[in-house]
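Residues in the sequence shown are numbered consecutively from 134, following the numbering used here.
Simulated from the structure, these hints should not be mistaken for laboratory data. In this text the structure is predicted, and so the values were computed from the model without any measurement. You may find that some hints are simply not true.
Label-pair restraints from in silico Cβ distances [claimed, not checked]:
| no. | residue 1 | residue 2 | range |
| --- | --- | --- | --- |
| 1 | 175 | 285 | 28 to 36 angstroms |
| 2 | 322 | 287 | 20 to 28 angstroms |
| 3 | 254 | 221 | 45 to 53 angstroms |
| 4 | 325 | 220 | 33 to 41 angstroms |
Note that beta-carbon positions come from the ideal geometry of N, C-alpha and C, so glycine has one too.
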Amino acid sequence: MGALRSAAQMISYEVSMGFVLVTVLLCVGSLNLNDVVLAQRHIWFVIPLLPMAVIFYTSCLAETNRAPFDLPEGESEIVAGFFVEYSSMSFGLFFLGEYANMLLMCALTSILFLGGWLAPFGILQHIGPVPLGPLWLLLKMMVMMFGFFWIRGTFPRFRYDQLMRLGWKVFLPFSLIWLVLTAGVLVYMGWLPHQVGL
134 MGALRSAAQM
144 ISYEVSMGFV
154 LVTVLLCVGS
164 LNLNDVVLAQ
174 RHIWFVIPLL
184 PMAVIFYTSC
194 LAETNRAPFD
204 LPEGESEIVA
214 GFFVEYSSMS
224 FGLFFLGEYA
234 NMLLMCALTS
244 ILFLGGWLAP
254 FGILQHIGPV
264 PLGPLWLLLK
274 MMVMMFGFFW
284 IRGTFPRFRY
294 DQLMRLGWKV
304 FLPFSLIWLV
314 LTAGVLVYMG
324 WLPHQVGL
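Put together the whole structure using the sequences plus the hints.
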């Protein structure tokens with residue numbers, strides 16, 4: 134049952150995550166993450182694409198199976214559900230994989246919406262010859278990780294049907310509309326990156 138819930142959950146929010154990625158890549162004009170960060174030199178994408186950043190971050194919570202979206206573990210499975218069958222190193226590897234996935238999602242959120250390794254307002258990008266980019270990225274990842282822990286302790290657990298409704302009836306239409314709106318604004322204003330004359 135947990136596997137079926139997990140598969141349906143993944144389909145419901147990963148489609149909108151794809152639209153969020155397409156929106157960001159449309160603004161950048163490249164699939165290179167370095168170009169995504171450098172495109173945010175003047176303004177971080179979290180400001181013009183705030184609704185997409187919220188959808189992406191919420192989908193990251195569901196992707197990592199963190200509360201309130203920890204649906205592979207059922208409500209009645211008081212003893213941690215599928216973790217019961219594992220002990221010692223197998224149990225440790227489950228948790229290592231879960232936290233590594235959280236770090237990856239925090240890094241992706243920081244790169245796609247918070248300017249990656251760029252300092253806010255261009256302050257303290259270097260101290261002498263020492264670049265501070267990795268420290269800025271780590272700080273942004275720590276803020277995102279704090280959000281994961283804060284949301285886990287604040288919000289009640291979603292039911293299965295609530296997550297499916299959120300994914301299919303809210304996130305999917307909204308992300309699709311925002312993608313079309315972003316593409317229209319970029320074309321109308323002539324802001325499409327690397328425009329090729331036809």
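Comparing the hints with the structure gives:
1. 175 / 285: 28 to 36 angstroms: Once the Cβ atoms are compared, 34 angstroms apart, the range 28 to 36 angstroms for residue 285 and residue 175 holds.
2. 322 / 287: 20 to 28 angstroms: violated, 39 angstroms
3. 254 / 221: 45 to 53 angstroms: holds, 48 angstroms
4. 325 / 220: 33 to 41 angstroms: With a Cβ separation near 55 angstroms, residue 325 and residue 220 fall outside 33 to 41 angstroms, so the hint is violated.
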